[in-house]
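Engineer: As a plain string of letters, each chain reads:
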Amino acid sequence: MITFTLNGRLVETDAAPTTRLLDFIRDEYELIGTKEGCGEGECGACSVFVNNLLQNSCLIPIGAIDGSDIVTIEGIMETEQFKILDESYSVAGGVQCGYCIPGMVMASAALLSKNSHPSEAEIREGISGNLCRCTGYNMIVDAINLAAKKGDGLW
Amino acid sequence: MNLKDISTSVPRKDHKGKVSGQLAYISDEKVENMVYGVLYRSPISYGKIISIQLPNLPIGYEAVGAEHIPGPNYVKIIKEDQPIFANEWVNYIGEPILMLVGEDLDTLYSLLDGVKIEFEEHQAIYTLDEAIQQKSVSGVTMASYEFGESLATISAIEQGAHQIIKEVYDTGYQEHVYLEPQGMLAIYKDDEIVVQGSMQCLYYIKNALVNALACGDDEVRVVQSPTGGGFGGKEEFPSMMACHVAVAAKAVKKSVMLVFDRSEDMVVTTKRHPAKLKYRTALDKDGNILSMRVALFLDSGANEGLSSVVLQRALLNSAGVYKIPHFHAKGYVLKTNTVPNGAFRGFGAPQSFAGIESHISHLSKLANSDPLDYKRKYLVKQGDPTITKGKFRDSILMEEMIEDLLKKSEYKKKKGEFQTFNQQNHRYKKGFGTSLFLHGCGFTGSGERDHIKAKVKLVKTKDDQVMLKISNSDMGQGILTTLSKIVAKELDLPYEEVLYPYPDTKEVPDSGPTVASRTTMIVGRLLQRAAKKLKAQWQTGVEQEVMEDYAHREMIPWNEKTFTGDAYPAYSWGVNIVEVEVDTLTGNVKLEKVYANYEVGKVIDNRVMKGQIDGGLAQGLAYGYLEKMTSKQGRIQQKSITDYGPPTSMDVVSIQSKVFDNPYADGPYGAKGAGELTLIGGAPAVQAAIENALQTSFQQIPITPEVIIESLLMKEGEEG
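As you go down the protein sequences, you meet chains A and B in turn. Residue numbers for the first sequence follow the working numbering, beginning at 1 and rising by one. Residue numbers for the second sequence follow the working numbering, beginning at 1 and rising by one.
Hints in this document: simulated from the structure, not taken from any laboratory.
Here are the simulated EDC-like pairs of lysine to aspartate or glutamate, each with C-alpha atoms no more than 20 Å apart in a straight line: (1) B:Lys-16 with A:Glu-80; (2) A:Lys-149 with A:Asp-86; (3) B:Lys-16 with B:Glu-497; (4) B:Lys-639 with A:Glu-40; (5) B:Lys-30 with A:Glu-30; (6) B:Lys-457 with B:Asp-549; (7) B:Lys-590 with A:Glu-125; (8) B:Lys-323 with B:Glu-146; (9) B:Lys-16 with A:Glu-30; (10) B:Lys-590 with A:Glu-120; (11) B:Lys-16 with A:Glu-78; (12) B:Lys-590 with A:Glu-122; (13) B:Lys-413 with B:Glu-403; (14) B:Lys-462 with B:Glu-545; (15) B:Lys-30 with A:Asp-23; (16) B:Lys-16 with A:Asp-86; (17) B:Lys-48 with B:Glu-120; (18) B:Lys-462 with B:Asp-492; (19) B:Lys-593 with A:Glu-125; (20) B:Lys-30 with A:Asp-27; (21) B:Lys-593 with A:Glu-120; (22) B:Lys-30 with A:Glu-28; (23) B:Lys-16 with A:Glu-87; (24) B:Lys-593 with A:Glu-122.
One-sided excerpt, in silico: chain A residues whose CB lies under 7 Å from chain B: (25) Gly-37; (26) Gln-96; (27) Pro-102.
Going by beta-carbon spacing under 7 Å, a handful of chain A positions derived as facing chain B: (28) Glu-42; (29) Ser-90; (30) Gly-93; (31) Gly-98; (32) Ile-127; (33) Ser-128; (34) Cys-134; (35) Tyr-137; (36) Asn-138.
This structure is a prediction, so every number in the text was calculated from the model and none was measured. For each residue, glycine too, the CB sits at the ideal point set by N, CA and C.
Whenever a hint applies, use it, and build me the whole structure from the sequences.
Structural biologist: Laid out in structure tokens, this is it:
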């Protein structure tokens with residue numbers, strides 16, 4: 001039995017410990033906000049928080065997260081921080097095809113919670129594990145910058 | 001909607017669903033009675049299938065192959081040369097031979113290992129160079145075109161020339177790397193098959209399905225799912241996957257889902273055609289161009305697909321934005337036993353512009369001229385003929401755009417500073433590069449009139465909401481927003497009252513594929529006309545429907561055989577300036593500044609346009625120096641994103657861009673095409689900047705660190 005919390009709910013499962021966290025949350029809990037872009041930890045589309053750290057859920061077997069606290073994009077959707085990010089991504093035009101975006105939003109939240117007023121270089125580094133093929137990143141960088149300003153004091 | 005200026009940005013229609021991740025892409029869908037499919041693919045490049053031996057399949061698992069195809073065994077596009085399931089010959093590594101379907105993916109993958117196929121191997125053609133050598137062998141040349149000034153005239157000019165400069169230029173593969181891998185689902189119903197997935201061209205797929213299933217028009221339906229990036233990669237390729245899942249669904253009477261993982265996607269899907277471009281230019285003693293001959297070779301891979309059309313666009317752009325006296329060009333699509341190449345943002349133009357910009361810039365050195373000054377001398381002007389005896393009808397703002405960018409980038413001042421910097425620094429070298437380019441908007445020639453014949457429909461509900469019923473896909477480029485906005489403005493309705501549901505062929509007429517920078521200009525214009533019509537007959541609280549058909553404005557008629565006439569109704573234009581710093585120890589190139597000016601008629605939404613500029617330019621720049629894909633003995637060598645190397649946030653810099661207004665009479669609010677244009681100037685500008693930094697010349701892209709180091713070593717050797 002593997003036990004962990006997922007978006008605040010207790011999960012107890014007999015699933016194979018080698019099951020990828022990505023598959024578990026998508027298949028068993030239908031949390032579709034976590035996307036698979038590469039399955040090899042290169043693109044960041046499947047980013048989740050494991051004990052408040054940004055991680056690629058495609059690289060994590062659920063056997064390795066016993067006792068951990070897992071948060072997906074669905075787990076932050078009601079927060080003030082998310083609302084600020086949502087608005088900032090809209091205003092700055094950070095969203096195009098959208099496939100990288102939930103992961104990108106998770107990376108943005110992770111960055112801002114560590115560094116509430118990042119420089120442009122720090123933003124670029126903070127999202128460097130998340131690939132986007134549509135935007136050329138600049139409007140995402142702008143979105144995070146805007147979120148840092150709008151959400152001053154929140155992070 | 002009361003926008004003073006149509007360009008003022010509005011919120012994206014699909015923002016909420018995307019930012020929260022709750023909008024379902026195809027891999028997020030699950031339907032009842034659904035099984036997965038996995039493909040057994042050819043392990044060899046060229047050969048005959050002798051026998052197929054399947055493993056024992058557990059209950060609920062089945063194999064689907066050519067024998068299950070109700071109709072003819074090819075994916076309908078242009079030529080009938082791409083089998084749905086290869087059953088006699090295989091022509092490339094990765095060609096689908098059969099599909100195993102069943103409930104559990106892990107079980108399917110292990111069953112795949114048990115499939116044994118015996119082949120009789122034949123000698124394959126692996127490279128473009130081999131194909132060029134064998135181009136007169138039957139079947140190797142798939143398409144060719146030749147046009148321009150007679151060779152006799154050019155020979156006479158060459159005889160009187162001061163010198164003849166010959167250059168050979170190579171461009172590599174480019175892989176789309178849309179973040180969402182390809183995926184397609186066939187939903188099985190007793191009386192119809194619904195094919196749903198990630199796609200750009202609903203009716204390409206529908207036509208391919210009607211052909212493959214040999215069924216009636218109402219027995220198959222195609223629905224677009226939210227599409228996680230296309231860039232051309234989801235133009236023709238999804239037709240093949242749609243045939244796979246639909247044939248399988250018919251055979252096993254279940255719904256069948258086929259989703260690629262990243263490595264499968266990278267290895268077997270279409271890519272930008274590798275190309276070889278040969279230039280032969282006669283110069284006078286001052287370095288002025290007297291004549292130019294271009295020969296262009298595209299590596300089609302194993303099937304023709306859209307390659308002949310890609311070649312047309314490559315050829316139409318072979319003189320760049322220049323008026324070259326006595327120009328002649330020819331081009332070939334050549335078959336190799338490698339993964340078929342296909343549509344990619346720019347569609348042949350990026351190869352041509354990389355080549356011609358490189359060549360012209362090299363010629364400028366012989367004329368002891370600044371590259372930009374030299375280019376400006378040959379820049380086409382309004383009223384000039386095109387290389388196909390068409391005409392540049394509309395005003396051209398290139399001079400204004402160049403001047404603006406020179407000022408913004410402090411080109412002259414910086415050039416001096418860079419010279420000093422480079423003299424003082426041994427390891428790091430800085431350089432400036434420019435590119436001038438255009439993009440013909442819409443289909444080539446009479447394609448819109450003869451092949452596409454677009455129709456659009458607007459449906460008004462009783463609640464006075466208006467729905468766009470068109471077959472075009474939003475794949476991230478933002479047409480849900482821009483096209484809705486055009487209709488809202490025309491009808492003077494709140495933007496929220498105009499809806500654009502994901503298209504379903506049961507509901508929407510064929511308004512053509514989402515390709516060729518045609519959607520805003522052609523479909524947008526039709527929608528605007530439809531909206532005007534609806535407005536004229538508007539009855540509050542009543543359901544209404546209007547249709548609008550494409551109307552062709554005749555210019556100089558295009559003739560594909562002689563390659564003459566107006567190839568495009570309109571052109572969009574661009575200028576890029578790039579500053580780089582090259583590390584001569586590692587060969588790494590760092591972008592420092594990127595400046596970009598464009599003219600696309602009229603911008604429909606500033607924010608959407610900026611997204612196209614930044615994203616397109618990032619892709620175009622990377623094509624020039626970062627992204628490298630190769631094939632060895634018919635096998636793609638880069639199977640992961642990291643192996644291939646598309647830009648991360650650390651590779652890109654902020655782009656200073658401006659879009660010039662120049663409304664086009666036949667576009668909605670004056671809009672022309674924009675999506676592809678933004679990619680085209682990236683690679684040539686970055687090449688020119690690296691050359692400027694290192695005071696050397698390259699004859700290829702991508703210019704990777706390895707290429708740079710090799711060139712520096714050669715230069716050192718030469719300088720002794």
